[in-house]
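The task is simple: from the sequences and hints, build the whole structure.
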Amino acid sequence: MTVTLDAPERRNAQTPSMWAALERIATTVPAGVRVVVLRGAGPAFSAGLDRGMLAPGGIEGEPSLLGMAADGPQALAEQIAGYQRGFTAWRECPALVVAAVQGHAIGAGFQLALAADLRVVAADVRFAMAEVSLGLVPDLGGTAALTRLVGPSRALELCLTGRPVGVEEAVATGLASLAVDPADLDATVEDLVAAVLSAPEDTVSEILGLFRGIESRDDAAQLRVEREAQGRILHARATQMRS
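Quick note, the sequence shown lines up with residues 0 to 242 if you use numbering that gives the first Met the number 0.
None of these hints come from the bench; they were simulated from the model. Please read all numbers here as calculations on a predicted model, not as lab measurements. Don't be surprised by glycine CBs; every beta carbon is placed ideally from N, CA and C. Heads up, a few of these hints could be off.
If you anchor each label on the Cβ, the simulated ranges turn out as follows [as the list claims (entries may be wrong)]:
#: 1; residue 1: S16; residue 2: R211; range: 21 to 31 Å
#: 2; residue 1: A143; residue 2: Q221; range: 13 to 23 Å
#: 3; residue 1: G212; residue 2: A69; range: 36 to 46 Å
#: 4; residue 1: R162; residue 2: A68; range: 25 to 35 Å
#: 5; residue 1: P42; residue 2: R223; range: 42 to 52 Å
#: 6; residue 1: E189; residue 2: G51; range: 20 to 30 Å
#: 7; residue 1: A194; residue 2: A69; range: 43 to 53 Å
Next up, the structure:
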């Protein structure tokens, strides 16, 4: 299943209605779908928040962030909780989620890429947690996801400076699983998906479960979930052999 941000004329800038759509898709992925690819149409994955959201009049048809903020910080925080689900829901999706990232993935675009299990990037990729340049903080799940990948010190530095991360640093720090020439991005993602689909479905599902949430487990808990996963797989194989 492929989910495409399809507003290339705006570099796939994001709005609350897009976040609502992302949550709806993430929470209704059909049971037979084993891999979801997140991608952006055009030369950029996503330029992040549509800056019109921060203008006094906002964007027609979208909630006014400044208007909600005028009602007090708690009212806006409660609204943002809903927006966050467009990102965190992908971590709960039973399918493997792969972000295919080309060009700029800025702010909310970076945070969406971080919501995926794996990131395959083109050599022209530019990640940036650029909220600080707008006087904002990352608030769509990006701080925890970034810290899991690069550690707290580097994650803090990236959020404080908003500096861009190119392809070499992305690969070296684990932000990207693979990096390829832009012309090869689609084919590389297809090969990755084919490799995942060639493995037994229950095995892939169990491996995904081993890694999601791994940062919250101690060694003993991780050993337990490993042996329980293996037990389920081998029990299923034994049952198949007897039938």
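Going down the list of hints, with the structure as the test:
1. A C-beta distance of roughly 28 Å is found between S16 and R211, which places it inside the suggested range of 21 to 31 Å.
2. Separated by about 18 Å at the C-beta atoms, A143 and Q221 satisfy the suggested range of 13 to 23 Å.
3. Under the hint 36 to 46 Å, the C-beta atoms of G212 and A69, about 38 Å apart, fit the expected range.
4. Range check, R162 to A68: about 27 Å between beta-carbon atoms, so the 25 to 35 Å window is met.
5. Between P42 and R223 the C-beta distance comes to about 46 Å, which sits within the given range of 42 to 52 Å.
6. As the Cβ distance of E189 to G51 is approximately 35 Å, the hint placing it in 20 to 30 Å is violated.
7. The hinted range of 43 to 53 Å is satisfied by A194 and A69, whose Cβ atoms lie roughly 51 Å apart.
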